[in-house]
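One line per chain: the protein sequences are A, B and C, in this order. Quick note on my numbering: the first sequence kicks off at 1 and runs consecutively. Quick note on my numbering: the second sequence kicks off at 1001 and runs consecutively. Quick note on my numbering: the third sequence kicks off at 2001 and runs consecutively.
Simulated from the structure, these hints should not be mistaken for lab results. The beta carbon of each residue, even a glycine, is placed where N, CA and C say it ideally should be. The reader is advised that the hints may include incorrect statements.
[What the hints assert, rightly or not] Looking from chain C toward chain A, a few residues come up when the C-beta cut is under 7 angstroms (computed):
id : residue
1  : Gly2090
2  : Tyr2152
3  : His2154
4  : Ser2157
[Unchecked claim] Label-pair ranges, simulated between beta-carbon atoms:
id : chain 1 : residue 1 : chain 2 : residue 2 : range
5  : B       : Phe1015   : A       : Ile143    : 49 to 55 angstroms
6  : B       : Arg1106   : A       : Val27     : 49 to 55 angstroms
7  : B       : Ala1198   : C       : Ala2146   : 55 to 61 angstroms
8  : A       : Arg128    : C       : Ser2044   : 28 to 34 angstroms
9  : C       : Gly2274   : B       : Ala1322   : 51 to 57 angstroms
10 : B       : Ser1260   : C       : Gly2274   : 27 to 33 angstroms
11 : B       : Gly1021   : C       : Pro2324   : 17 to 23 angstroms
12 : B       : Met1268   : C       : Gly2206   : 23 to 29 angstroms
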Amino acid sequence: MLTRRRSRVIRHRVAQAVPTLILVSLVSFLILHIGPGDPALLLAGEFPTEESIAEIRQLYGFDRPIWEQYLSWVGQLLRGDLGLSLQSREPVMDLILNRLPNTLLIVCYAMVIAFVVGSVLGIAAAARRGSLVDRVATGVATIADALPYFWLAMLMVSVLALDWQLFPATGAVRFLEDPLGAIWTATLPAIALSISGIAQITRQLRAAMIEVLASPFVRTLRAKGLSPAAILWRHGLKNVGVTLLTVVGLVFSGKIGGTLLTETVFAIPGTGSALIQAAINKDYFVVQGIILMLAVLVFLVNLVVDLLYAVLDPRVE
Amino acid sequence: MSAPLLRVQDLRVAFPLRDSGDTLKAVDGVSFDVAEGETLGIIGESGSGKSTLGRAIVALLRPDAGRVELAGEDLFALPAPQLRRRRHAMQIIFQDPHAALNPRRRILDSVREPLDIAGEGSPAERTARALAMLARVGLDQAQAARFPHELSGGQKQRVNIARALVRRPRLLVADEATSALDVSIQADILNLYLDLQAEFGLTYVIITHDLAVAMHVSDRLAVMYLGRFVEVAPAATLEQAARHPYTRALLAAEPVALPSRLVTGARMPLQGEIPSPVDPPSGCRFRTRCPVAEPRCAAAEPAWRQVAPGHRVACHLVEGAAC
Amino acid sequence: MAVPLLQVEGLELALRAGRSWLTVVEDVSFAIAPGEAVGLVGESGAGKTLTGLALLGLLPRELFRAAGRVRLEGEDILSLPERALRRLRGRRISMIFQEPMTALDPVFTVGEQIAETLRAHTGLSPVAAKARAVEALAEVGIPLPARRAEDYPHQLSGGMRQRVMIAIALACEPRLLVADEPTTALDVTIQAQIIDLLLRQVSARGTALLLVSHNIGVVRECCSRVVAMYAGQVVEDAPVDALLERPLHPYASGLLRSHPRFAPHRARLPSIGGRAPAPGAMPSGCRFAPRCAHRTTGCEAPQPLLPLEGRAVRCHRAAALDLPGAVP
């Protein structure tokens, strides 16, 4: 049901995305160059010699002007070449593609949990404001916000995985090879990752729904003879749709960052744990590649959210 | 008539619209004079531009073209510091009595503020003057010490009047200043306006959508539609002998609280909605809703015609001397 | 009067104020015959909107307590459970509100909002309800109704939105329509259109109308009878023309005479003076007495609403006074 006006909005948003993408690539590129010192020195390892530095400088083109380096880097990028890992000499792109499914699985799984639990808690709390449900939901949100989630992750591992043996403690199963097993294994990390999202979604949705239920049109709906359920689930939900979308977008972006710790705690071979490993090993091209990939992911989530605004809210101009 | 206190010449105010790049011509070529001590009523519906006109008169917004002269001085030709020094001479009161008052300041402080800014007299003198003006509008010392939320709508409007008058302006513009009030409170405020005008020799521009209010307090009335005046006449003339079809429609549309035997003429509601001021109709702007429109109304803008002394109409179908 | 469609008897509404209850509407009684149009007038705070909402059981129960009786075709609305009220609202008794800008759900099309009312009360299929919604838009004078049905409220003008509200309210052919200041937010020329439409629609359906308004002019155009409220009570219930010619209650007279129309040009208006008492600070006797120019002994006693000359008046001096009305 897209009008011409809305499709114009969408085209506009997509066009606006181009400069953002360029900026993202520029920042990722500069990671290596912005720090103090000579990048060649950084790459030369622990015992650099004049020769090795000069060799590296020439190999990576550090002797050329920086914009030329950027352009050739972008050129490689467009061909899918992110360089080689300094550690394993494996192409960074292969490394990312290999690990990304594990990361995406726990992020999406966590989002589903946060969305379902947060929506139910938030709406129930708003519908029965001041009731026991409301107090429990607000309490859960406050506690979930205050909990350090890696602590919660470790607690879950020690109780649910090690003591009760309900879930595997660490590792990942490839989704394409064994979907059910993969989901099963990803459950604990996904729960740990979802906690702060549950809190955010509950709180935002509760506030938005309370505001909607207090708006004058709700009186019209009651005067029409609609049931409280119809008012809440049909009109309330559609009206908080925009808020829900916004907070889901924010939570999603946050979760992408949250994978760094979660994957490390649960020893999941994903991009987050790889990023931390690479940072420790000073594997600059891996760091650069993963950061670029994560930034593009966050950017895509925001683009989708923006596009959905135009679909959800008839008032978007 | 001596030189007018307020002279507005071919005033135009347009607002650019961000989304479409169009402009909204809120006021589109309005000219009139108001004599010292006179009350001019300006009547119009939404989109007529009457509020924008009111703000331009007191130099709260800068017009795109035209002049506003107060006592012979072109306000917008003045350098900013000099314009600021003239501001006390022209005051405006708005519809919402609450929005115009700082909720965290006591009534007395709000009324004293214009004097404090001007630095007139000692602090004690300023307080005395503010209290005297509050007393004049019917608020005692105890009420002066209160906060806005502790007063009723009518009392807050009295505070706004006191604040507007505390530096003794010559011109007072009231923009729907009694529209939010109940009839019985409105009567008190209208009485206060009339008393204060006599006492301080004020000149009024009363902007309202309420015909009965405008007719009661105004010496002359101007009817505004989509950024232009369409008819200007003495109040009594307008009530009994309005010539412009829009004025007549407005008069006929007003629901009157009279017994049926005194209500004359069947109501003929105007068809259609008020067009957008972004894209007003060609020629006469009222023609799209006018019951007597002719082809020539779309072709050319009607010129002003004088139908009686002080009674001017802009309509192709009205006979009269060009003016 | 024929068997009333609606009979309000001794309606009392109290607002929760912390632990106690504040009486805001007291001893309100009036009746509406089938197809009759009655105006409920008064100034802000008189309790007219609350009375209107109470007729549909729309006041939140946790905030308001109602006593007395409100009978719609013999059935006491105040004692009905919420579920039964829902079946009644929108089908036998409907309501429209003042704010055309905010009274419609912004994220549903106006067609959906009409169809939804139909579906809630009739067995119409979604397709049939939608078709009926388009017809309803045509009936309230909206051009290109099939196209407009797909519009969202923000795409319509204030007048058009009020037409949509009327279409929603009348979709299920209710017996009574409560209209709360339906034209107050509109321009004069648009107000005239909406009044016209409202009257044609209710008379075509034989729907009774309770028009809640502060504007006696609007009430005169729409109604045959008027109920005037002051400080939470009915002070006079009379045929509109009779009240305008010769009001029996001093407040009604004072209200009519304070209109600028009746004073000579630029002369002082005869104002009532003072302010209406606030709930919780009501005089024990006649509530208007502190502002009344005709106050004498006997006004300290509570005043009942008594029949007089075929009307009902809450003033013990009504028969003795000869008060001016809305006559120049």
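We went through each hint and held it up to the structure:
{"no.": "1", "hint": "Gly2090", "in the structure": "holds (4 angstroms)"}
{"no.": "2", "hint": "Tyr2152", "in the structure": "holds (4 angstroms)"}
{"no.": "3", "hint": "His2154", "in the structure": "holds (6 angstroms)"}
{"no.": "4", "hint": "Ser2157", "in the structure": "violated (16 angstroms)"}
{"no.": "5", "hint": "Phe1015/B <-> Ile143/A: 49 to 55 angstroms", "in the structure": "holds (51 angstroms)"}
{"no.": "6", "hint": "Arg1106/B <-> Val27/A: 49 to 55 angstroms", "in the structure": "holds (53 angstroms)"}
{"no.": "7", "hint": "Ala1198/B <-> Ala2146/C: 55 to 61 angstroms", "in the structure": "holds (60 angstroms)"}
{"no.": "8", "hint": "Arg128/A <-> Ser2044/C: 28 to 34 angstroms", "in the structure": "holds (33 angstroms)"}
{"no.": "9", "hint": "Gly2274/C <-> Ala1322/B: 51 to 57 angstroms", "in the structure": "holds (53 angstroms)"}
{"no.": "10", "hint": "Ser1260/B <-> Gly2274/C: 27 to 33 angstroms", "in the structure": "holds (32 angstroms)"}
{"no.": "11", "hint": "Gly1021/B <-> Pro2324/C: 17 to 23 angstroms", "in the structure": "violated (58 angstroms)"}
{"no.": "12", "hint": "Met1268/B <-> Gly2206/C: 23 to 29 angstroms", "in the structure": "holds (26 angstroms)"}
Hint compliance for this structure: hints 4 and 11 are not met, and every other hint is.
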